[in-house]
Amino acid sequence: DIQMTQSPSTLSASVGDRVTITCRASQSIVNRLAWYQQKPGKPPKFLIYEASSLESGVPSRFSGSGSGTEFTLTISSLQPDDFATYYCQQYHSYSYTFGQGTKLEIK
Amino acid sequence: QVQLQESGPGLVKPSETLSLTCTVSGGSISAYFWTWIRQPPGKGLQWTGYIYSSGTTNYNPSLESRVTISLDTSKRQFSLRLTSVTAADTAVYYCARRSSYGGFFDYWGQGILVTVSS
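Taken in sequence, the protein lines are chains R and U.
Sequential numbering of the first sequence, starting at 962, is according to the numbering used here.
Sequential numbering of the second sequence, starting at 449, is according to the numbering used here.
One should not assume that every hint holds.
[Stated by the list, open to error] Taking lysine-lysine pairs in the DSS-like style, the calculated list, with each CA pair at most 27 angstroms apart, reads:
#, chain 1, residue 1, chain 2, residue 2
1, U, 491, R, 1000
2, R, 1006, R, 1064
3, R, 1068, R, 1000
4, R, 1068, R, 1003
5, R, 1000, R, 1064
6, U, 491, R, 1064
7, U, 491, R, 1006
8, R, 1000, U, 523
9, U, 461, R, 1068
10, U, 461, U, 491
11, R, 1068, U, 491
12, R, 1006, R, 1068
13, R, 1003, R, 1064
14, R, 1064, U, 523
[Said to hold, decoys possible] Distance ranges between label pairs, derived from CB positions:
#, chain 1, residue 1, chain 2, residue 2, range
15, R, 1064, U, 524, 31 to 37 angstroms
16, U, 459, R, 1003, 20 to 26 angstroms
17, U, 534, R, 978, 39 to 45 angstroms
18, U, 474, R, 962, 30 to 36 angstroms
19, R, 1017, U, 488, 26 to 32 angstroms
20, R, 1066, U, 516, 35 to 41 angstroms
21, R, 978, U, 518, 43 to 49 angstroms
22, R, 975, U, 534, 41 to 47 angstroms
23, R, 1020, U, 524, 29 to 35 angstroms
24, U, 550, R, 983, 17 to 23 angstroms
Source of the hints: derived by calculation from the structure; they are not laboratory data.
All C-beta atoms, glycine included, are put in the ideal place defined by N, C-alpha and C.
The whole structure should be built from the sequences, with the hints applied where relevant.
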């Protein structure tokens, strides 16, 4: 299996901050990476595919970048609704795997 | 708008079989991969497996010996069977649609908590 490692595990930030979450793959996944947002008691919400393509309806303050083994999710100006847990997921291998998650908390 | 809804027992005894069904409303069943993903309480997401509309399946290697996913297109339902369950199988089970554009999941059900306990 391809291992996905996110950092940090927890991130404390304030409304209006710019934040970046990193996701590293154990081998090259080209750009076959997705990002999800999950709030407590809810299913994940699909945000980004192909590392940098924004799903329709996702605010433009979210952006993704990277290729190969290193990827980032950036939120340009945090809004109250953005405090949640974020997961990356690779789909280069048909045994799909997720990162362990990054919890974005209010400072 | 595509909607998915999980159903099934919330409590299963150890060594027994976990069975869940996902009902799909809106959109087409054809040309998509119908997927199960689980999340143990307080933990991350684990892809369990998928079935394509043609009936082709693909399972997580760590679960492959115990898992079966089936599809009933006439009922617009797909199902998960997981045999010989233990406490480690306690999780929220989500059904989801894998996009036709790639291996990411664009629609999710609300999830159902299944507890394995005697």
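Hint check results:
1. U:491 <-> R:1000: holds (13 angstroms)
2. R:1006 <-> R:1064: Roughly 15 angstroms between the alpha carbons, so the hint for residue 1006 of chain R and residue 1064 of chain R holds.
3. R:1068 <-> R:1000: holds (17 angstroms)
4. R:1068 <-> R:1003: Cα-Cα ~23 angstroms, so holds.
5. R:1000 <-> R:1064: Roughly 10 angstroms separates the two Cα atoms, so the pair holds.
6. U:491 <-> R:1064: holds (11 angstroms)
7. U:491 <-> R:1006: holds (17 angstroms)
8. R:1000 <-> U:523: Given pair residue 1000 of chain R, residue 523 of chain U is violated - Cα atoms ~31 angstroms apart, limit 27 angstroms.
9. U:461 <-> R:1068: Not OK: residue 461 of chain U and residue 1068 of chain R at ~42 angstroms, beyond 27 angstroms, violated.
10. U:461 <-> U:491: holds (22 angstroms)
11. R:1068 <-> U:491: The hint holds at about 22 angstroms.
12. R:1006 <-> R:1068: holds (23 angstroms)
13. R:1003 <-> R:1064: holds (14 angstroms)
14. R:1064 <-> U:523: violated (38 angstroms)
15. R:1064 <-> U:524: 31 to 37 angstroms: holds (36 angstroms)
16. U:459 <-> R:1003: 20 to 26 angstroms: Holds - the Cβ-Cβ distance for residue 459 of chain U and residue 1003 of chain R, about 22 angstroms, lies within 20 to 26 angstroms.
17. U:534 <-> R:978: 39 to 45 angstroms: With a Cβ separation near 42 angstroms, residue 534 of chain U and residue 978 of chain R satisfy 39 to 45 angstroms, so the hint holds.
18. U:474 <-> R:962: 30 to 36 angstroms: holds (33 angstroms)
19. R:1017 <-> U:488: 26 to 32 angstroms: Because 31 angstroms falls inside the window, the suggested range holds.
20. R:1066 <-> U:516: 35 to 41 angstroms: Holds, at about 40 angstroms.
21. R:978 <-> U:518: 43 to 49 angstroms: holds (47 angstroms)
22. R:975 <-> U:534: 41 to 47 angstroms: With Cβ atoms ~43 angstroms apart, the hint holds.
23. R:1020 <-> U:524: 29 to 35 angstroms: holds (32 angstroms)
24. U:550 <-> R:983: 17 to 23 angstroms: holds (21 angstroms)
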